[in-house]
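**Student:** Generate the whole structure from the sequences, applying the supplied hints.
So for the sequence shown, the working numbering puts the first residue at 3; every next one is plus one.
A hint or two may mislead.
What the hints assert, rightly or not - Subject to a maximum C-alpha distance of 25 Å in a straight line, what follows is the list of computed PhoX-like cross-link-like pairs (lysine-lysine):
(1) Lys254 with Lys155
(2) Lys152 with Lys292
(3) Lys72 with Lys149
(4) Lys254 with Lys149
(5) Lys155 with Lys292
(6) Lys292 with Lys72
What the hints assert, rightly or not - Taking CB as the label site, the calculated pair distances span:
(7) Glu86 with Ser6: 31 to 41 Å
(8) Pro77 with Phe295: 32 to 42 Å
(9) Asn108 with Glu248: 38 to 48 Å
(10) Ala130 with Gly102: 27 to 37 Å
Keep in mind that the hints were calculated from the coordinates and are not lab data.
By construction, the Cβ of each residue, glycine as well, lies at the ideal position given by its N, Cα and C atoms.
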Amino acid sequence: MTTSAIVVNADDLGVSRGATLGVIRAHLDGVVTSASLAPTGADYRYAMETVSRDCPGLGLGLHFTLSVGKPISPPADVPLLVNERGYFRWEFVSLFRAIGWKRQGNLLAQIEIELEAQLQRLRSDGIAPDHINSERHVHLIPGIFRKVIKAAKRHGIPFVRAGRDIGFRQARFRHYRPVIFQGGFIKFLLLQGLTGQNRLETNQVRTCDHFASYLFTGRLDLVLEDIMRHTPAGLTEIMVHPGMPEHSRGVKLANPGVERYLEREDRRRELDACIQARELGSKLNLCTFKNAFRSMA
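**Tutor:** Next up, the structure:
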């Protein structure tokens, strides 16, 4: 019996052409086994059609977003989610604060409407998602997380991202400097706390036993192979963001922070790391969320 398995999941499929091309290359020539598709992304249609045709072995899930592009729902149905131009208005911190306001009930209700609309978009395009995560990890915000669990149960989606980060265990001291100066350590502490709280609510929906890495988001190239070599027993999700930044230049998402991130060379570094790890991956038990338990049998 195999005691451990790894899902290497690429976020941001469909957000931009550069992200899409990076995910596809990291799957075909590297270790990526699964990807999270953003229905509101600028490249959604191309991504959906291309992976359906060329990547039959790639697991697919929902990359739920409240910060990239425009909602799938009519703006009149979700007015608290959009700005005056109809684009999403939220980032993680602002949404985290807003959930505690007096209008919490109305805001959460509209988030639930948009979550259902994004899931229905995938299903209408012939995709049966096997996991849910989110842009900027907004699904981990208490209140939103409960809505996501409810939707996952309703749609028969077996996995929701809420794993505790183990990436720091394989890091050496020199690896910390880049992520600390990018704000990764503060984000790591906050998300570790939220995942610990949310894992108590995952009845009937699974999360991975281990996760890597909130701390090294955007710089997983520093520790990818070390994490792969030393995964503990159980199921581990490794989150990567491969990309071809030259193909993302000029993308308009009404979110300057995301646009800049898509153009960073960090994306290319993570793509290269995924490709370089292919030989190591061939010796390990890599799987999708859908076949995770069969892989561990």
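**Student:** Each of the hints needs a verdict: does it hold here or not?
**Tutor:** Quick rundown of the hints versus the structure:
Restraint check for Lys254 and Lys155: not satisfied, since their Cα atoms lie roughly 34 Å apart, outside the 25 Å limit. With a C-alpha separation of about 19 Å, the suggested pairing of Lys152 with Lys292 holds against the 25 Å cut-off. For the hint linking Lys72 to Lys149, the alpha-carbon distance of about 20 Å falls within 25 Å, and the restraint holds. For the suggested pair Lys254 and Lys149, the alpha carbons sit about 29 Å apart, so the restraint of at most 25 Å is broken.
This hinted pair checks out: Lys155 and Lys292 have alpha carbons roughly 15 Å apart, not beyond 25 Å. Using a Cα cut-off of 25 Å, the hinted pair Lys292 and Lys72 is violated, with the two alpha carbons roughly 29 Å apart. For the pair Glu86 and Ser6, the supplied restraint of 31 to 41 Å is violated, since their beta-carbon distance comes to about 50 Å. A hinted range of 32 to 42 Å for the beta carbons of Pro77 and Phe295 is consistent with their spacing of about 41 Å.
The hinted window of 38 to 48 Å between Asn108 and Glu248 holds, with their beta carbons roughly 42 Å apart. For the hinted restraint 27 to 37 Å between Ala130 and Gly102, the CB-CB distance of approximately 35 Å keeps it satisfied.
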